[in-house]
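J.: Line order of the protein sequences matches chains B and X. Taking the working numbering, I'd label the letters of the first sequence as residues 1 to 271. Taking the working numbering, I'd label the letters of the second sequence as residues 1 to 353.
Please note that a few of the clues may not be correct.
Calculated cross-link-like contacts (lysine-lysine; reagent style DSBU-like; alpha-carbon spacing at most 30 Å) [claimed, not checked]:
#1 B:262 - X:52
#2 X:338 - B:151
#3 X:258 - X:199
#4 X:150 - B:2
#5 B:108 - B:74
#6 X:191 - X:258
#7 X:214 - X:255
#8 X:308 - B:151
#9 B:174 - X:199
Just so you know, the hints here were simulated from the structure itself, not pulled from any lab data.
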Amino acid sequence: MKWITAWRRRPWAGYAVVLAALAIIGVAYAGVSPRTDQAQASDAAASQQDVAKGKALFNQACSSCHGANAEGTKNAPSLLGVGAASVDFQVSTGRMPAMNLGAQVPRKKPIFNEEQTRQLAAYIASLGGGPGVPSKDQVNPDTGDAAMGGKLFRANCAQCHNFAGSGGALTGGKYAPPLDKATPRQIYEAMITGPQAMPVFNDTTVTPEQKRAIIAYVTQTRAEPNPGGSGLGRVGPVAEGLVGWLVGIGLMVVAAVWLTAKKPKKKQQND
Amino acid sequence: MTDNNENSDVTPEEEGRVPKRVIGTPPSVGTQELLPREEPGEGGSGYVLDEKKARSAERVAAFFFTLTFLASIAFIFFYAVWPGHVGNIQRATRSNYTLGIALTLIFLGLAVGMTIWVRHLVTTKEIVQERHAISSTAEDREAFNEFFQKGAQESGLIQRKLLRRTLLLASAPLGLLPLVLLRDLGPLPEKKLRHTKWKSGTRLVVDGTGQPLKATDFNSPGGIITVVPEGAENNLDEIATSAVLLLNLPVDQLKIKKGRENWNVGGIVAYSKICTHVGCPAALYEQTTHHILCPCHQSTFDALDSAKVIFGPAARPLPQLPIGVDSEGYLIATSDFKEPVGPSFWERGRPKA
Numbered sequence: 001m002k003w004i005t006a007w008r009r010r011p012w013a014g015y016a017v018v019l020a021a022l023a024i025i026g027v028a029y030a031g032v033s034p035r036t037d038q039a040q041a042s043d044a045a046a047s048q049q050d051v052a053k054g055k056a057l058f059n060q061a062c063s064s065c066h067g068a069n070a071e072g073t074k075n076a077p078s079l080l081g082v083g084a085a086s087v088d089f090q091v092s093t094g095r096m097p098a099m100n101l102g103a104q105v106p107r108k109k110p111i112f113n114e115e116q117t118r119q120l121a122a123y124i125a126s127l128g129g130g131p132g133v134p135s136k137d138q139v140n141p142d143t144g145d146a147a148m149g150g151k152l153f154r155a156n157c158a159q160c161h162n163f164a165g166s167g168g169a170l171t172g173g174k175y176a177p178p179l180d181k182a183t184p185r186q187i188y189e190a191m192i193t194g195p196q197a198m199p200v201f202n203d204t205t206v207t208p209e210q211k212r213a214i215i216a217y218v219t220q221t222r223a224e225p226n227p228g229g230s231g232l233g234r235v236g237p238v239a240e241g242l243v244g245w246l247v248g249i250g251l252m253v254v255a256a257v258w259l260t261a262k263k264p265k266k267k268q269q270n271d
Numbered sequence: 001m002t003d004n005n006e007n008s009d010v011t012p013e014e015e016g017r018v019p020k021r022v023i024g025t026p027p028s029v030g031t032q033e034l035l036p037r038e039e040p041g042e043g044g045s046g047y048v049l050d051e052k053k054a055r056s057a058e059r060v061a062a063f064f065f066t067l068t069f070l071a072s073i074a075f076i077f078f079y080a081v082w083p084g085h086v087g088n089i090q091r092a093t094r095s096n097y098t099l100g101i102a103l104t105l106i107f108l109g110l111a112v113g114m115t116i117w118v119r120h121l122v123t124t125k126e127i128v129q130e131r132h133a134i135s136s137t138a139e140d141r142e143a144f145n146e147f148f149q150k151g152a153q154e155s156g157l158i159q160r161k162l163l164r165r166t167l168l169l170a171s172a173p174l175g176l177l178p179l180v181l182l183r184d185l186g187p188l189p190e191k192k193l194r195h196t197k198w199k200s201g202t203r204l205v206v207d208g209t210g211q212p213l214k215a216t217d218f219n220s221p222g223g224i225i226t227v228v229p230e231g232a233e234n235n236l237d238e239i240a241t242s243a244v245l246l247l248n249l250p251v252d253q254l255k256i257k258k259g260r261e262n263w264n265v266g267g268i269v270a271y272s273k274i275c276t277h278v279g280c281p282a283a284l285y286e287q288t289t290h291h292i293l294c295p296c297h298q299s300t301f302d303a304l305d306s307a308k309v310i311f312g313p314a315a316r317p318l319p320q321l322p323i324g325v326d327s328e329g330y331l332i333a334t335s336d337f338k339e340p341v342g343p344s345f346w347e348r349g350r351p352k353a
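Excised from the complex, chain B in its bound form:
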């Protein structure tokens, strides 16, 4: 263990330890924090078979909270009339079935696959009412007017989801999630159904064409490069200022300490 003792007495050992600790924490966090795969789905029409299979899945995974006939319990809302879009959004983003009932149900890896999601949606839709799952064309970002979408996004979405779709905090532990993983279809479904604390933007207020424009804006913003290097979560001047001050001034302090430290390894003539 002699080498450790020798090593840690070196002048730069302290800096090295701090850097190594930061790196380890960063890597560990990146490894531990949850990742979700994007759910892809087709827009096949619901058949009687789907409804029956969906009902079976519902009884198995959802009825304990939402009630045997989706009428809702004191733990979970009624699903009568919420429509296929709502089911598709909640299940394909992994929010439902929920693990536990906190302030907000987080996005996670979906439990049901594409086909099962469609069957569940078909069953809930068969109970009546509610918006359906949008078609591929309706959510195609390539045909949306991103400039107009940007206007609408900044006026109606950016206050919670941030100007670059990075999300933000709400009250009582709730939050507006970042939009970086949402698929075009999920964005559309979120607008039309208003999941959790999110308000509703129905088709007569924000038309399907305008919704497509918003989707185009969100997906194009996501693809934009960060001209300044790292986007720092794209949360704006707070993160940028923090890094500027901590890293910038930190480096200057280190440089100043180095410049003014006593000259090393020189001996006096008469020693």
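Following the hints, complete the assembly by docking chain X onto the known chain B.
T.: Showing chain X alone in chain B's frame:
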């Protein structure tokens, strides 16, 4: 160390090292001495270097100087090959990166190389400069005091009271002149802060698209949209005061204030989007709690209860815009806001200001 605190007995050898004093500069007292005074030893007066370490330090410094050289070549190369002003924004970004990194390496290499040079290879001894008191010497202060007293006596300022007092009188208003000039800052906003573009019959149009809204279109519970007065869709100055948050609230939960019975259309209510604290757009609406949150300082308003403040620094509720529907079913304002929108201002409480 030779004793050099006394300026009077300068030894002949020191005479040569101390430059001749120029008139007006302070005397070179020992405490301000910058050069180390030490008898030169056998190998000179500086440090002695360990030749092996010195050579490796030299190599490191040389490496950094070479880095600067290479980075300079790279800078010129990148400038010639990828000029940032030609082509698209991606090209400009790449140009900024390459030129910026090259320039960083140029100056960093020079600075690091020189620092290593100074720290490891220069044999001049470190100089310790003693700090001394900032105040003048006792003699100087005495002399100044004497001079000042003498001047006061000879000018007659002490004996001639009338002269002294009128002089003070003359200079007193002089200090007030800048304050008087401040009055010219302005003009005052007059009534602009009390009125917005909304008036009876103005249609509510969606911000961004300019499309008017029917009450039957805006019919989803938990709906929200930002609206502006028709005719002011592209006028940012007007939108800055007239932006309105339109909400579709459950009508049975709505606590309607007295006098505001006709201000909503079946649960559709309109609140000013401008926070009454410092004017941020307060528009974070949670449809589960019906709270409107301001992102700047977390002021929270209860949309069900006339946007009453329930948390945060805002002092007043968000002003409510009275709305109705016109003959075609479109949502309209039935008057302007009944109170000034946005943050407080000095004359806000004065009714006729």
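J.: Against the structure shown, which of the earlier numbered hints fail to hold, in ascending order?
T.: Checked against the structure, the hints that fail are numbers 4, 9, while the rest are satisfied.
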